[in-house]
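Asks: Make a model of the complete structure from these sequences and hints.
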Amino acid sequence: MSMRQKGNRQRIYCIANLIPYGKVATYGQIAKLAGCNPLFVGYALAALLDDSDTPWHRIVNRHGQVSIRNDGKPDANQRIALQQEGVCFNVHDRIDLTKHRWAGPTLDWLVEHGFDPINQEGDT
DNA sequence: TGCGTGACTGCCT
DNA sequence: CAGGCAGCCACGC
21 MSMRQKGNRQ RIYCIANLIP YGKVATYGQI AKLAGCNPLF VGYALAALLD
71 DSDTPWHRIV NRHGQVSIRN DGKPDANQRI ALQQEGVCFN VHDRIDLTKH
121 RWAGPTLDWL VEHGFDPINQ EGDT
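For the first sequence, counting from 1, position 69 maps to 89 in this note's numbering; every step adds exactly one.
Keep in mind that the hints were calculated from the coordinates and are not lab data. It is possible that part of the hints are untrue.
[To be verified] Subject to a maximum C-alpha distance of 30 Å in a straight line, what follows is the list of computed DSSO-like cross-link-like pairs (lysine-lysine):
id : residue 1 : residue 2
1  : Lys119    : Lys93
2  : Lys43     : Lys119
3  : Lys43     : Lys93
4  : Lys52     : Lys93
5  : Lys119    : Lys52
[Said to hold, decoys possible] Listed next, with one range per pair, are the computed distances between beta-carbon atoms:
id : residue 1 : residue 2 : range
6  : Gln103    : Asp136    : 14 to 22 Å
7  : Gly48     : Gly92     : 20 to 28 Å
8  : Asp128    : Asp70     : 27 to 35 Å
Since the model is a prediction, treat every value here as computed from it, not as a measurement. Where a beta carbon is used, it is the ideal one built from N, C-alpha and C, also for glycine.
Replies: Listed below in structure tokens is the structure:
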């Protein structure tokens, strides 16, 4: 696996790359999958370049809103990119996570890539 | 070589 | 019900 990197960032990127078109994931969701704090997810994505293959624009905060950068305002381009994928924003500039939230990778994928399935909420 | 920065979330008071 | 605090990886200068 190319994910043998000890850094959680590589994991975060790998998971982020799985987010399908028209779907969004939260920092906490990615964090739990990667086995690290949500804070690191933000840190990791902040280091991504605009030309990165990682669909970082599909990752929003737990309020369903576009993340706010150190500029003091959300990246309008992120919202536009999401809207182009069919993601709708509410009156409060929020995404309906109950409709657009990514269900997450399959258990097979987790095992295939050496992730810890036990860490996931496999409750019934 | 060491320190500060950097896109968040959940629990406690 | 709302606000504040703690968590701890990787990169640049």
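Asks: Decide if the proposed pair is consistent with the structure: Lys52 and Lys93, CA atoms, cutoff 30 Å inclusive.
Replies: Between Lys52 and Lys93 the Cα gap is close to 26 Å, so the pair holds against 30 Å.
Asks: Against the 30 Å threshold, does the CA-CA distance of Lys43 and Lys119 hold or violate the hint?
Replies: holds, 9 Å
Asks: Would the pair Lys43 and Lys93 pass a check requiring their Cα atoms to be no farther apart than 30 Å?
Replies: The given pair, whose Cα atoms are some 22 Å apart, holds under the 30 Å limit.
Asks: With the threshold set at 30 Å, check whether the alpha-carbon distance from Lys119 to Lys93 stays at or below it.
Replies: Measuring from Cα to Cα gives roughly 25 Å; hence the hint holds.
Asks: Do the Cβ positions of Gly48 and Gly92 conform to the proposed distance bound of 20 to 28 Å?
Replies: At roughly 23 Å between Cβ atoms, Gly92 and Gly48 fall inside 20 to 28 Å, so the hint holds.
Asks: Does Lys52 lie within 30 Å of Lys119 when you go C-alpha to C-alpha?
Replies: holds, 20 Å
Asks: Does the Cβ distance between Gln103 and Asp136 fall inside 14 to 22 Å?
Replies: violated, 35 Å
Asks: For Asp128 and Asp70, compare the CB-CB distance with the range 27 to 35 Å and indicate the outcome.
Replies: holds, 32 Å
The structure does not agree with numbered hint 6 stated previously, though it agrees with all others.
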